[in-house]
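Position one of the sequence shown corresponds to residue 1 (full-length UniProt numbering), numbered consecutively onward.
A couple of the hints might just be wrong.
As the list claims (entries may be wrong) - Keeping only pairs whose Cα atoms sit at most 20 Å apart, straight-line, the calculated SDA-like set for lysine to any residue is:
#1 K84 x R63
#2 K222 x D274
#3 K134 x K222
#4 K271 x E289
#5 K283 x A272
#6 K134 x A272
#7 K283 x N302
To be verified - Derived CB-CB ranges, DEER-like:
#8 H198 x A174: 24 to 32 Å
#9 H198 x L74: 50 to 58 Å
#10 A314 x E215: 36 to 44 Å
#11 Q182 x S89: 49 to 57 Å
#12 S89 x P183: 53 to 61 Å
#13 P297 x T277: 41 to 49 Å
If you are wondering where the hints come from, they were derived from the structure by calculation, not from laboratory data. Positions of the beta carbon are idealized from the N, C-alpha and C atoms, including for glycine.
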Amino acid sequence: MAVFSTETSSDDPRIHVSYSQLVRLQAYAGQFSFLPSLKAKNAFSGRHQSTLRGRGLNFEELRHYQLGDDIRNLDWKVTMRTGKPHVRSYTEEKDRNIILCVDQRSNMFFSSVEVMKSVVAAETAALCAWQVLKERDRVGMLLMSDEHLTSFKPTRSQHQLLNWLQQLTTINQALSVSSQSQPQQSLPQMVQRLARMHLRSSTIVILSDWLDASEDTFTHLKHLQQHNDVLSVMITDPLEARLPELAGSQSWVLGDGEYQLNLSAKSQFEKANDELTQQLEQKREWLLELMVVKRLPYIELNTSGSHLNQLRHAIGGRV
């Protein structure tokens, strides 16, 4: 088990990210893709496999006129030469908007292994952002700290992304053992903000431990899923799933900064483990149910320090 001092230091990359660290992740873009083999109607398909026909830039075919075709697409030269109406068909170039929602609240400032959950979320978000720009799509962000929920409109600008990574770094480095989230800063609030953005044909990537997610949260996400692709990334730590075996022979005091729980008897540890397992499995079940709607991959990253490889493996990229 990794043991961190209460006097945390931003120089330790396991505890806090640095701006240069997030910028360097640009070098790893291209090792996976946000374009898996999904139905073309999904936002993931983007400009590469759009089934929408229109007056786009990409010529697809010249064919006989069919009832319902737009007469503005008639190719008059071919029509006059053959004596039969022909139309030009185009594949519409469909831009994608990728919204990265990054949980950087105090509940994410935790690890029993190697890397803080908040670092896992920040580095994963940065890598995803660089990948989106590499694929020439638009990337936006929704950053949730203990006090604020800040949104940034999708853009293809690398300059804007660098500014966002700087703000993400600032929020991440503000986390400490004394941090505490405001009651209004919750995952349900983030989902409500997403709903108010009236997104259409966007890909929404949520990076969180889903600690305060409820059944209602996933119900609202299903509504978002009707017009968008919601890719949910769950960040976990082994200690949140089950207490160590040796815990039953010792007295433990667990706390969240506000409440404390004393565990001493073996039966108390068994009950605590059962509840931890049930809560984790319930959230996994909800996430799997959400992902299956659009046949998206279920992604779970842990705090072992191999989260970037885990991401590439889950999406189908090179490990």
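*Kindly indicate which numbered hints from before are broken by the structure, ordering the numbers from low to high.*
2, 3, 4, 6, 9, 10, 13
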